[in-house]
Amino acid sequence: MIDYEYLKPKDLEEVFSLLKSYGERAVLIAGGTDVMVNIRNKKLAPEALISLRGLEDLAYVKKGEDGYHIGALATHRMLETSSLVQSELSALYDGASQVGSVQIRNVATVGGNICNAAPSADTASPLLALDAVAVLRGPGGSRKVPLTEFFTGPSQTVRASDEVLVEFEIPSEMGQFGSAYHKHSRRKAMDLPILGVAVSLKIEGEIIRDARIALSVAAPTPMRAMEAEAYLKGKKLSDDVLIEAGKIAANEASPRDSLRGKAWYRKEMIETFVPRMAHKALERLKNR
Amino acid sequence: MKKITVSFTLNGDQVEAEVPSTWNLLRTLREYFEITGPKEGCGVGECGACTVLIDGKAVNSCIYPVAEVEGKTVTTIEGLAGEDGTLHPLQKAFLENNGVQCGFCTSGMIMSAKALLDENPDPDEDEIRTSLSGNLCRCTGYVQIVESVQKAAEMMKDKS
Ligand SMILES: Cc1cc2nc3c(=O)[nH]c(=O)nc-3n(C[C@H](O)[C@H](O)[C@H](O)COP(=O)(O)OP(=O)(O)OC[C@H]3O[C@@H](n4cnc5c(N)ncnc54)[C@H](O)[C@@H]3O)c2cc1C
Ligand code: FES
Ligand code: FES
Chain A
1 MIDYEYLKPK DLEEVFSLLK SYGERAVLIA GGTDVMVNIR NKKLAPEALI
51 SLRGLEDLAY VKKGEDGYHI GALATHRMLE TSSLVQSELS ALYDGASQVG
101 SVQIRNVATV GGNICNAAPS ADTASPLLAL DAVAVLRGPG GSRKVPLTEF
151 FTGPSQTVRA SDEVLVEFEI PSEMGQFGSA YHKHSRRKAM DLPILGVAVS
201 LKIEGEIIRD ARIALSVAAP TPMRAMEAEA YLKGKKLSDD VLIEAGKIAA
251 NEASPRDSLR GKAWYRKEMI ETFVPRMAHK ALERLKNR
Chain B
1 MKKITVSFTL NGDQVEAEVP STWNLLRTLR EYFEITGPKE GCGVGECGAC
51 TVLIDGKAVN SCIYPVAEVE GKTVTTIEGL AGEDGTLHPL QKAFLENNGV
101 QCGFCTSGMI MSAKALLDEN PDPDEDEIRT SLSGNLCRCT GYVQIVESVQ
151 KAAEMMKDKS
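The listed protein sequences derive, respectively, from chains A and B. Under the working numbering, the first residue of the first sequence carries the number 1, and numbering increases by one thereafter. Under the working numbering, the first residue of the second sequence carries the number 1, and numbering increases by one thereafter.
Worth double-checking, as some hints may not be accurate.
[Stated by the list, open to error] Dumping the calculated DSSO-like pairs for lysine-lysine here, alpha-carbon to alpha-carbon at most 30 Å: (1) A:42 x B:157; (2) B:159 x A:188; (3) A:233 x A:43; (4) A:188 x A:236; (5) B:151 x A:42; (6) A:10 x B:92; (7) B:159 x A:10; (8) A:42 x B:92; (9) A:62 x A:42; (10) A:10 x B:157; (11) B:3 x A:42; (12) B:151 x A:8.
[As the list claims (entries may be wrong)] Cβ-Cβ distance ranges computed for the label pairs, FRET-style: (13) A:87 x B:82: 18 to 28 Å; (14) A:265 x B:138: 46 to 56 Å; (15) A:14 x B:1: 43 to 53 Å; (16) B:127 x A:84: 18 to 28 Å; (17) B:124 x A:154: 54 to 64 Å; (18) A:84 x B:129: 47 to 57 Å; (19) A:20 x B:2: 42 to 52 Å; (20) B:102 x A:66: 38 to 48 Å; (21) B:36 x A:265: 29 to 39 Å; (22) B:82 x A:43: 56 to 66 Å; (23) A:257 x B:125: 36 to 46 Å; (24) B:102 x A:152: 26 to 36 Å; (25) B:72 x A:83: 41 to 51 Å; (26) B:2 x A:24: 49 to 59 Å.
If you are wondering where the hints come from, they were derived from the structure by calculation, not from laboratory data. A quick note: this is a predicted structure, and the numbers were derived from the prediction, not measured. Every residue gets a Cβ at the ideal spot worked out from N, C-alpha and C, and that includes glycine.
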């Protein structure tokens, strides 16, 4: 039978001391949209839930001299309605605004989306394409982990059991990139992606100065297609160049056959959507 | 069975409940308070039949831990009509425009629509459909529901 205590610490210190005393028997809960469903489906049977919702000061999106800061407790709805995210971190807007429904987005957090580490997490590719760094805090202090090193497998991350994800940092330089994310799914809403493609680009005149390409559901973890990125750097912008980048990215991916889609199909869709998202990113940069 | 006590505002009244700490808000509303407007369709956030407002925002009460409503304001479909029984414009519009057939989805639909209209009194069809995308209806085909929300928005504008 399911029976757990519901603990509501008021600050991080209290979270750490509860994590210490409960150890593996406790599970952290933020919005709970993954945790509550997993408990109901009997994938989780904790003795205690440690709520992070008391850490209200970790629900923010802001821009400082040192870049963008997104608190782990920021909800997808906060990101979706933030004009800063819409205009300067557009790929993240695309991802957050397509998570579940309004009801889900009102409570589900970006920290939960990343810590849950589903290969299909809709904010993973956008954050990867924006060079996000995860800030983890434990009883001994903080450490920063680039998101490229954060995921270690499906539902697995480098987060230690006594650590809390407190925020994401995005370098201010990313503000000069245009970015876009495509969630490829069968239904418009309430569906997980068959594939996710995020592209961010920096352009000078006709020359692509820098690029990031991130893919989800294309490998066991969300990934960056770094060969395709390297190919794009310094190239003169053209349809052919973007199409070639799509082909390289598809080769870097290692998708599997699943009920939602076959591996070959996912690869073809990578080829299709890398150029499309590049165009969308450039379009947004122009209209800024 | 571990228990917790929570106090919150429910449809305008200050209330308190002592329930198992594993309960979600939906179960607390239905079994402790006998507020049965919110329904359980799926129990996992997919169908929206359990939608209520917490501090004005639409949420799925089936996956909302009851411990988290402490100090908050919860509104269910039971809280929409006036003291004298006068229906809310959304309730009227759903009845008059065939937005209701079997009724199972209706309380959730209306609560999602209420959250939308409170924030955006003049939504376009896309905005209505986006706001209702987490609410499934197996009867109407959605067209009459969208029309009901549009009619309610008009009624509310005429009033104010
Ligand atoms: C109906 C439905 C539809 C959904 N649709 C989508 C979708 O379209 N796209 C998508 O990507 N996801 C979707 N999800 C999954 C889920 O909503 C997201 O992954 C969400 O962002 C999780 O956030 P949360 O705050 O609810 O996490 P929780 O459930 O609270 O936590 C998730 C995990 O992260 C851990 N955790 C949470 N916060 C922290 C932190 N700060 N530090 C350390 N660990 C932490 C928890 O221990 C847990 O393991 C859907 C879920 C439902 C129920
Ligand atoms: S019962 Fe809550 S969403 Fe279906
Ligand atoms: S009226 Fe029957 S489910 Fe919507």
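Consistency of the hints with the structure:
no. : hint                      : in the structure
1   : A:42 x B:157              : 47 Å, violated
2   : B:159 x A:188             : 35 Å, violated
3   : A:233 x A:43              : 44 Å, violated
4   : A:188 x A:236             : 35 Å, violated
5   : B:151 x A:42              : 43 Å, violated
6   : A:10 x B:92               : 43 Å, violated
7   : B:159 x A:10              : 44 Å, violated
8   : A:42 x B:92               : 41 Å, violated
9   : A:62 x A:42               : 38 Å, violated
10  : A:10 x B:157              : 42 Å, violated
11  : B:3 x A:42                : 21 Å, holds
12  : B:151 x A:8               : 43 Å, violated
13  : A:87 x B:82: 18 to 28 Å   : 42 Å, violated
14  : A:265 x B:138: 46 to 56 Å : 30 Å, violated
15  : A:14 x B:1: 43 to 53 Å    : 25 Å, violated
16  : B:127 x A:84: 18 to 28 Å  : 21 Å, holds
17  : B:124 x A:154: 54 to 64 Å : 39 Å, violated
18  : A:84 x B:129: 47 to 57 Å  : 26 Å, violated
19  : A:20 x B:2: 42 to 52 Å    : 20 Å, violated
20  : B:102 x A:66: 38 to 48 Å  : 55 Å, violated
21  : B:36 x A:265: 29 to 39 Å  : 45 Å, violated
22  : B:82 x A:43: 56 to 66 Å   : 45 Å, violated
23  : A:257 x B:125: 36 to 46 Å : 38 Å, holds
24  : B:102 x A:152: 26 to 36 Å : 47 Å, violated
25  : B:72 x A:83: 41 to 51 Å   : 27 Å, violated
26  : B:2 x A:24: 49 to 59 Å    : 19 Å, violated
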